[in-house]
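Participant: Same order as they appear, the protein sequences are chains L and R. Heads up: the first sequence runs through residues 1 to 114, numbered per the working numbering. Heads up: the second sequence runs through residues 1001 to 1117, numbered per the working numbering.
It is worth saying that the hints were derived from the structure and are not from the lab. Glycine included, each C-beta is placed from N, C-alpha and C at the ideal position. There's no promise every hint is true.
Have a look at the derived ranges for each label pair, beta carbon to beta carbon [claimed, not checked]:
hint: 1; chain 1: R; residue 1: Pro1070; chain 2: L; residue 2: Gln71; range: 44 to 50 Å
hint: 2; chain 1: R; residue 1: Glu1083; chain 2: L; residue 2: Thr52; range: 42 to 48 Å
hint: 3; chain 1: L; residue 1: Arg42; chain 2: R; residue 2: Gly1072; range: 25 to 31 Å
hint: 4; chain 1: R; residue 1: Arg1022; chain 2: L; residue 2: Arg42; range: 17 to 23 Å
hint: 5; chain 1: L; residue 1: Asn55; chain 2: R; residue 2: Arg1022; range: 23 to 29 Å
hint: 6; chain 1: L; residue 1: Val83; chain 2: R; residue 2: Gln1054; range: 39 to 45 Å
hint: 7; chain 1: R; residue 1: Glu1028; chain 2: L; residue 2: Tyr39; range: 23 to 29 Å
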Amino acid sequence: AQSVAQPEDQVNVAEGNPLTVKCTYSVSGNPYLFWYVQYPNRGLQFLLKYITGDNLVKGSYGFEAEFNKSQTSFHLKKPSALVSDSALYFCAVRDRSGYNKLIFGAGTRLAVHP
Amino acid sequence: DTGVSQDPRHKITKRGQNVTFRCDPISEHNRLYWYRQTLGQGPEFLTYFQNEAQLEKSRLLSDRFSAERPKGSFSTLEIQRTEQGDSAMYLCASSPPTGPLGANVLTFGAGSRLTVL
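Put together the whole structure using the sequences plus the hints.
Facilitator: Printed below as a string of structure tokens:
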């Protein structure tokens, strides 16, 4: 069965420093991977996805993610964190059922301190 | 089109009562999903519609839960005889038909938070 793991419940980073939010996946075949962000009292917002091609994917708000097949990872990164990046981040993999549904990780809370 | 709309945003009910949530997807999206999210967890898939056909249901969706999408547009999720364990955020998402790369982005609504007393 497809699954994703987010090993960190919370990541703390100082504003202006680079940030990394980790995600590893377990799938059979080629994975379709996604990152979503959730702000308080709002729905999940799409950040970026990896389908095929370049292993470095660029997304919204200056975020990027690196697909690493050998390590089965898809870590989310940003060169310089902002306080406004503080939110809940979810990694997801597309299920192979063909219905385009997503399987989400448990989420990582990012706290960016001034 | 302002995205995926969900109503109500919050619902407080007593155990044993029935509740219904409504989702209005983006108009050109033929695929509609319901997810449930509890505190500290990621969203869990409940059910999927393609147009008006309900094509997949999770084992999480007990017989007290029913979802419909009668005309292939809006959808409703009903929970009968609510239990305290049903307290969660119920999220609706929609997506367009699968494109050539086979993985379109799901657009989520803000969710309907259910509290069962």
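Participant: So, for every hint listed, does it hold in this structure?
Facilitator: Here's how the hints hold up against the structure:
1. The hinted window of 44 to 50 Å between Pro1070 of chain R and Gln71 of chain L holds, with their beta carbons roughly 46 Å apart.
2. Evaluation of the 42 to 48 Å hint for Glu1083 of chain R and Thr52 of chain L yields a pass: the beta carbon distance comes to about 43 Å.
3. Take Arg42 of chain L and Gly1072 of chain R: their Cβ atoms lie about 27 Å apart, and the range 25 to 31 Å holds.
4. A hinted range of 17 to 23 Å for the beta carbons of Arg1022 of chain R and Arg42 of chain L is consistent with their spacing of about 18 Å.
5. A C-beta distance of roughly 41 Å is found between Asn55 of chain L and Arg1022 of chain R, which places it outside the suggested range of 23 to 29 Å.
6. The hinted window of 39 to 45 Å between Val83 of chain L and Gln1054 of chain R holds, with their beta carbons roughly 43 Å apart.
7. Against the hinted window of 23 to 29 Å, the Cβ-Cβ separation of Glu1028 of chain R and Tyr39 of chain L comes to about 26 Å, which satisfies the hint.
Going through the hint list in order, the structure does not satisfy hint 5, though it satisfies all others.
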